[in-house]
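Asks: What follows is each chain in one-letter form.
Protein chains: 2
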Amino acid sequence: MRIDEKRFRATFEALTADGRTPEGGLNRPALSRAHLAARHSFAELIAVNGFALRTDGAGNLSAWLHCADPEAPSLVLGSHLDSVPHGGRFDGALGVAAAFEVLLSLRDSGKRLSTNIEVIDFTDEEGTWVSLLGSRAVSGQILARDLDKPRGNPEGFEEALARAGLTKAGILGASRVDEAFRAYLELHIEQGERLESSGTDIGVVSGMVGIFMYLVTFRGTASHAGTTPVKRRRDAAQGASAFALQVRQIVLKHFPDCVANVGNMTFAPGLYNVVAHSATCFLELRSSEGARARQLETALDKAAVYSAKRFGLTVDFKFLEAVEPRKMDFGIQHTFRTAAESLGLTTRTLPSMAGHDAQNMALLCPAGLAFVPSAGGYSHSAREYTSWNSCVNGCQVLLETACRLLVSS
Amino acid sequence: MRIDEKRFRATFEALTADGRTPEGGLNRPALSRAHLAARHSFAELIAVNGFALRTDGAGNLSAWLHCADPEAPSLVLGSHLDSVPHGGRFDGALGVAAAFEVLLSLRDSGKRLSTNIEVIDFTDEEGTWVSLLGSRAVSGQILARDLDKPRGNPEGFEEALARAGLTKAGILGASRVDEAFRAYLELHIEQGERLESSGTDIGVVSGMVGIFMYLVTFRGTASHAGTTPVKRRRDAAQGASAFALQVRQIVLKHFPDCVANVGNMTFAPGLYNVVAHSATCFLELRSSEGARARQLETALDKAAVYSAKRFGLTVDFKFLEAVEPRKMDFGIQHTFRTAAESLGLTTRTLPSMAGHDAQNMALLCPAGLAFVPSAGGYSHSAREYTSWNSCVNGCQVLLETACRLLVSS
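Order-wise, the sequence lines are chains L and A. Residue numbering for the first sequence is 23 to 431, as defined by my numbering. Residue numbering for the second sequence is 23 to 431, as defined by my numbering.
These are calculated hints, taken from the structure and not from any lab test. Take the hints with a grain of salt, since some may be wrong.
It does not matter which identical chain is used: a pair holds within one copy or between any two.
The calculated BS3-like cross-link candidates involving lysine-lysine, where the alpha carbons are at most 27 angstroms apart (straight line), are [what the hints assert, rightly or not]: (1) Lys190 - Lys331; (2) Lys133 - Lys349; (3) Lys133 - Lys331; (4) Lys133 - Lys28; (5) Lys324 - Lys133; (6) Lys349 - Lys253; (7) Lys28 - Lys253; (8) Lys171 - Lys324; (9) Lys253 - Lys275; (10) Lys190 - Lys171.
Go ahead and model the full structure; you've got the sequences and the hints to work with.
Replies: What follows is the structure, given as structure tokens:
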């Protein structure tokens, strides 16, 4: 079975029209006006094509193709229409467009289905307010306290909820853990350059990396930046700087399978004329194996202590929060590979270094995630680009995989 | 002539009673209630001892001993009663107490004076609102725009002015550039440890260091901290960190006569999961020689370019503002030295690495500044300490120097 390329293109264009930036990217943070406009465009597509539309308390928006059996489980395909501020066109929107094309292709095939097919657009995958909000709500992983400390300011979150006609109670009530799901499939851009640099068509995701966050605070003595000789200072800035360089070196030399980032530092008192008594690094590390993450954490903890001692400082290496690594279903990984091979496409099995809604859907049913190449590895910017040929390849693999799962149901 | 040690001690205690912290320091930022209470205590001392009291539009508070000649110039001695937040007891208050003891000693000596003697407490030496506000106002170096962008928030400055009964117009009108001054003398704690570590009693200040401020901004590319391999990043945090370490190394190795400080860094976007595209270092450097400061600036500029190149970044080395170095009067330096030697005290000539009101008074008349040792070099904290014996030595040198200047008048 083949997808309809022209129709797929038209769907993709329709779903990436709202919130377009002059640079050619998308600026539609979750529940912003541009994001709600994109959802409206998707709802129109659903209605025009005669599918049932469903929304839930978390704002997730679905197109449904029901089979004859009212007790049948659902095969769910999806991704997200929100973007990071000034993000790209392919991150999320490609997955929703491809899932919708699969739905259209399955309907038009006249196949007798023994499962329902649902195409879902999840709310706030990018975490403008709460990371992976929609899929966490669906998989019963969201608590009231998660909604009380959103990433943006709480007032902005309340306003955004009101704009979208949502409530916190609705989000907390959106869990679907009692439903029967056949599987969840998602197509996404890689957002890295492993596929492109190895000349691979399709990435089969083995699992999502675990994400571990820390606050690493170096403490010295505030002193007068004029009268205190440099060699007599206990300068927290020096410890934090040495540590940030060490983080990079340790990952490059000993943990090439992991990544780490010092994305921010805050200094106190933070003045020109006072030696900083405190410098805090925001540290994040990612690994597809929990054990490796713990090894890296140990190595970085040692490096922090070493950097502190070198400048007469103390250091506090504080664990903040973690998203544990999660495996994708082995059977679906295999089906993705054989489906791609049947289409003459090359595959590579690789971990995802970013979080995706698939990791939450994996708690409800077998879940699989496939990648298509990102040119130059760029993502979360207007430079994000995937060739249309790659998009078609990905959509075709998604359809073929869905067909194989439906046959085996 | 000898000072009255007991009386000097009583004056010092009276001037360091207000704003005392539990740790034994002083917390009286300029124009705070505690600072105004200290000024009130000083005004009482002036009145009780029968001196004329004078205040000006900048809030500077003076005790006057007038000589017979209404056209006579003034010998001014002073320092400041304000402190940094949670500062120490000796910074400023010692200088006012010593100046007042010199005034009392000169009056009690029955000497016939041919100059007026003024003891002045300058407003906001520490720059809670505007650095060296009082002495800049007196020496005609303050502009309306300096008052429109105070260091604290503008509303707080307005409130503080109202609390002290001051106005911006009054500050701008406090210039005394048309008056005749014989000289200005100030005693201060060193706030460093050069005197203590060399076992010297009295520091004779050759001049104030110049202070040069820069914003050094490293720019790379924001990218996903999960999907972007570490070796492919253009991480601004790495450039800024490498630069901060270089600043220290360059000063230690090649500019031991200078100091430099990276007191703050700000990152953008400053998130755990995004590689920073921008990192800005707040850089300050100080040197007693303008030429040396320019050499150090050149060396640090090169280091910034090197740090940027190393991580594929660009860098902008932006000059912000400068306080030029200022020499203390050679004659007064000599008088300080001979006065100290006549008292059996050892001296050392050294630049001041911090700013002082004497640098502004130097624009009006010959100005001199003497230091007494700071135990351990601590300052701007409750740990600030100078032995009472050192305080007495400093006050005695101040009196002896004043006497020698009066004789030579």
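Asks: Please sort Lys133 with Lys28 into within, between, both or neither, judging by C-alpha distance up to 27 angstroms.
Replies: within (22 angstroms within a copy, 106 angstroms between copies)
Asks: What label fits Lys253 with Lys275 when the C-alpha limit is 27 angstroms: within, between, both, or neither?
Replies: between (31 angstroms within a copy, 11 angstroms between copies)
Asks: At most 27 angstroms between C-alpha atoms: does Lys190 with Lys331 qualify within a copy, between copies, both, or neither?
Replies: neither (47 angstroms within a copy, 48 angstroms between copies)
Asks: Please sort Lys190 with Lys171 into within, between, both or neither, judging by C-alpha distance up to 27 angstroms.
Replies: For Lys190 and Lys171, only the intra-copy Cα distance (12 angstroms) is at most 27 angstroms; the inter-copy one is 43 angstroms.
Asks: Between copies, within a copy, both or neither: which fits Lys133 and Lys331 at Cα up to 27 angstroms?
Replies: neither (69 angstroms within a copy, 60 angstroms between copies)
Asks: Treating 27 angstroms as the Cα threshold, decide for Lys133 and Lys349: within, between, both or neither.
Replies: Neither: 31 angstroms inside a copy, 93 angstroms across copies.
Asks: Treating 27 angstroms as the Cα threshold, decide for Lys349 and Lys253: within, between, both or neither.
Replies: between (50 angstroms within a copy, 26 angstroms between copies)
Asks: Treating 27 angstroms as the Cα threshold, decide for Lys171 and Lys324: within, between, both or neither.
Replies: neither (32 angstroms within a copy, 44 angstroms between copies)
Asks: Pop the pair Lys28 and Lys253 into one bin, within, between, both or neither, using alpha-carbon distances up to 27 angstroms.
Replies: So Lys28 and Lys253 fail the 27 angstroms test inside a copy (69 angstroms) and across (39 angstroms) alike.
Asks: Reference check for the pair Lys324 and Lys133, CA-CA at most 27 angstroms: within, between, both, or neither?
Replies: neither (60 angstroms within a copy, 70 angstroms between copies)
Hints 1, 2, 3, 5, 7, 8, counting from the list given before, are not met by this structure.
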